[in-house]
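Sequences and hints are given; from them, build the entire structure.
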Amino acid sequence: MAELKVQIKNLSLKNPVMTASGTFGYGVEYADFMDIERLGGVIVKGTTSEHREGNPYPRMAETAAGMLNAVGLQNKGVDYFIDTIYPRIRAYATEMIVNVSGSSIESYVECAGKIAGLERIRAIELNISCPNVKQGGMAFGVTCSGAAEVVRAVRRVYPKTLIVKLSPNVTDIAEIAKAVEAEGADSVSLINTLLGMAIDAERRRPKLSTITGGLSGPCVKPVALRMVWQTYRAVRIPVIGLGGISTWEDAVEFMLAGATAIQVGTQNFIDPAASVKIIDGLNDYCDRHGYRSVGELTGALAL
Amino acid sequence: MKKYVLQMRVTENNLLHENYCLLKLTSDDTLPDMLPGQFVEVLVDQSPTTFLRRPLSIHYVDRGRNELWLLIQFVGEGTRSLGRYRVGDPVNVIAPLGNGFTVPDGLSDRQKLLLVGGGAGVAPMLFLGAYLKERGGEPLFLLGARSGKELIQLDDFRRTGKTYVTTEDHSSGEKGYVTDHSILKTTRFDRIYACGPKPMMEAVARYAASASVPCEVSLENTMACGIGACLCCVEDTKEGHLCVCTDGPVFNIERLRWLN
Chain A
140 MAELKVQIKN
150 LSLKNPVMTA
160 SGTFGYGVEY
170 ADFMDIERLG
180 GVIVKGTTSE
190 HREGNPYPRM
200 AETAAGMLNA
210 VGLQNKGVDY
220 FIDTIYPRIR
230 AYATEMIVNV
240 SGSSIESYVE
250 CAGKIAGLER
260 IRAIELNISC
270 PNVKQGGMAF
280 GVTCSGAAEV
290 VRAVRRVYPK
300 TLIVKLSPNV
310 TDIAEIAKAV
320 EAEGADSVSL
330 INTLLGMAID
340 AERRRPKLST
350 ITGGLSGPCV
360 KPVALRMVWQ
370 TYRAVRIPVI
380 GLGGISTWED
390 AVEFMLAGAT
400 AIQVGTQNFI
410 DPAASVKIID
420 GLNDYCDRHG
430 YRSVGELTGA
440 LAL
Chain B
1187 MKKYVLQMRV
1197 TENNLLHENY
1207 CLLKLTSDDT
1217 LPDMLPGQFV
1227 EVLVDQSPTT
1237 FLRRPLSIHY
1247 VDRGRNELWL
1257 LIQFVGEGTR
1267 SLGRYRVGDP
1277 VNVIAPLGNG
1287 FTVPDGLSDR
1297 QKLLLVGGGA
1307 GVAPMLFLGA
1317 YLKERGGEPL
1327 FLLGARSGKE
1337 LIQLDDFRRT
1347 GKTYVTTEDH
1357 SSGEKGYVTD
1367 HSILKTTRFD
1377 RIYACGPKPM
1387 MEAVARYAAS
1397 ASVPCEVSLE
1407 NTMACGIGAC
1417 LCCVEDTKEG
1427 HLCVCTDGPV
1437 FNIERLRWLN
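For the record, the sequence lines run as chains A and B. Residues in the first sequence are numbered consecutively from 140, following our numbering. Residues in the second sequence are numbered consecutively from 1187, following our numbering.
Since the hints were derived computationally from the structure, they do not count as laboratory data. All values derive from a computational prediction rather than experimental measurement. Positions of the beta carbon are idealized from the N, C-alpha and C atoms, including for glycine. Be aware that one or more of the hints could be misleading.
As the list claims (entries may be wrong) - Label-pair distances were calculated between CB atoms; the ranges are:
| id | chain 1 | residue 1 | chain 2 | residue 2 | range |
| --- | --- | --- | --- | --- | --- |
| 1 | B | R1332 | A | A340 | 15 to 25 Å |
| 2 | A | A204 | B | E1198 | 28 to 38 Å |
| 3 | B | S1294 | A | E388 | 51 to 61 Å |
| 4 | A | I350 | B | L1201 | 37 to 47 Å |
| 5 | A | S348 | B | P1276 | 29 to 39 Å |
Said to hold, decoys possible - Rough simulated footprint, nothing fancy, chain A against chain B, three-plus residues with beta-carbon under 8 Å:
| id | stretch |
| --- | --- |
| 6 | 1188–1200 |
| 7 | 1240–1250 |
| 8 | 1415–1421 |
Claimed, not checked - If the Cβ cut is set under 8 Å, some of the chain A residues that face chain B in the computed set are:
| id | residue |
| --- | --- |
| 9 | E168 |
| 10 | F172 |
| 11 | P195 |
| 12 | A203 |
| 13 | G205 |
| 14 | V210 |
| 15 | Y424 |
Now the structure itself:
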């Protein structure tokens, strides 16, 4: 039995496996299928300062080894989260991490400031990379100055562990990572979805109401792995890897490329218990290869 | 209701028509409780190009044989692949999902309950009809298709209740759409249930609203997870965007924005 504990600044995770925002609801949706408390953490659905209805239907298109989504941050707002959802999830013995999204600097700050007051939420994941909203979201995450501006403002109101979720829709993700590290981010998570598109040839129409959407699933894994590797070599803060992780082998690959922890996303839709199987697989891998701690895998790629 | 990931196997797979098959699955364990109108998510692992699970209506639950019946229309490679599954093949199923139809208390043969199905939308109506009948109700089926040969599972429907039929080409029953059938002009119904193509359900909803009959419809919005996590299958209702997979798939037409 290897030591599975990992550390993201002041945040201790019992193991490196978390579930990705927008793929796992608030955890409760998966309680019939697995023991949520076995997870290192749950990144809950993207939360904004105001209630958002999200984009019109249709919001999803299946693709080769993946899917496109255009949900558009549908959620009932941070006040609803604090009043109604937080009391239901606060007792879980795992780290519940809130994905904070926004459409302006002020709205990110407002949301993060309110979440900072919740005792059991020890970290936020700042989403500067949602491709499915017209204002804010990815607009901040695709330039160094935009990313730095949001992180600087949120850092002032958020003293706990601040993870920044990066967009892959950039020329050089390592530059963005360095920019947010310089503003005090404690960790970066990557990648958010890749901007994509699907067309119904017979009807000559886009398959999504928004025309373009975010691509996820096994098809994005090689891109994500490459970006984790590039980012790991560019920053000193811990990197959290995600993008098409479906099996424990995928998780091992992301850690070897430099990830301290990983997130399971779209695979939760295919196998609702995928994340706990990955925890077991990571442990077996460590035992088989003689690693006493899973942390030894981080960046251990043999070159 | 508690949801389960079930490892099942095929006991029967009948091609009913060039575009439909009836897939029967069983499990070593007793099947969990399932309600008419609920659905399942099936992993199509024999099709390498199919990524997501396929949401499918529960067509019938045969408790005696511990069987789950799925009536499958071939739409794309995923459903076509399911049509090729053979007896004994393993199938991974998440069940039961969604809310199910409302079954009124104190059912009797005096209540007129109309179950309307169009095309593949007939699927949940057999289970609903059998469920109503077991509880003392007398379901009437109204089934529509383009032509007679696309009227699938007709014998099972006729065994369960009186069955009326419309076809667009007049090869069986009355000519036209389900809403053209004379039974709607001659009978006053107490409740209507409908499942089928959206234009059909909208026409049924308009009829029900004009006749002031309570009406529920079962929606088939494309979805990924089936358990309320991805928020992809939303319907724009009077209460805002609701997930078809968890708030539905069955909705009272009063909650929808179809009629105004």
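Hints, verified against the model:
Take R1332(B) and A340(A): their Cβ atoms lie about 23 Å apart, and the range 15 to 25 Å holds. For A204(A) and E1198(B), the hinted distance range of 28 to 38 Å is satisfied, since their beta carbons lie about 31 Å from each other. In this structure, S1294(B) and E388(A) meet the distance hint of 51 to 61 Å, their C-beta atoms being roughly 60 Å apart. Our hint of 37 to 47 Å for I350(A) and L1201(B) holds, since their Cβ atoms are close to 38 Å apart.
For the hinted restraint 29 to 39 Å between S348(A) and P1276(B), the CB-CB distance of approximately 37 Å keeps it satisfied. Given as covered by chain A, the stretch 1188–1200 of chain B passes the check, having 4 residues with a CB less than 8 Å from a CB of that chain where 3 are the minimum. Evaluation of the coverage hint for the stretch 1240–1250 of chain B: breached, as 0 residues show C-beta separations to chain A shorter than 8 Å, against a requirement of three. By the rule of at least three residues with a Cβ nearer than 8 Å to a Cβ of chain A, the coverage given for the stretch 1415–1421 of chain B holds, with 7 such residues.
The interface hint given for E168(A) holds, since its Cβ lies 5 Å from the closest Cβ of chain B, which is under the 8 Å cut-off. At about 6 Å, the closest approach between the beta carbon of F172(A) and any beta carbon in chain B falls short of 8 Å, and the interface hint on this residue holds. The beta carbon of P195(A) comes within 7 Å of a beta carbon in chain B, closer than 8 Å, and the hint placing it at the interface holds. The beta carbon of A203(A) is positioned within 8 Å of a beta carbon in chain B (closest approach about 7 Å), and the interface hint is therefore held.
Satisfaction of the interface hint for G205(A) is found here, the shortest Cβ-Cβ separation to chain B being roughly 6 Å, below the 8 Å cut-off. A least Cβ separation of about 5 Å between V210(A) and chain B falls short of the 8 Å threshold, and the interface hint therefore holds. Given the 8 Å rule on beta carbons, the hint for Y424(A) is violated: about 24 Å separates it from the nearest Cβ of chain B.
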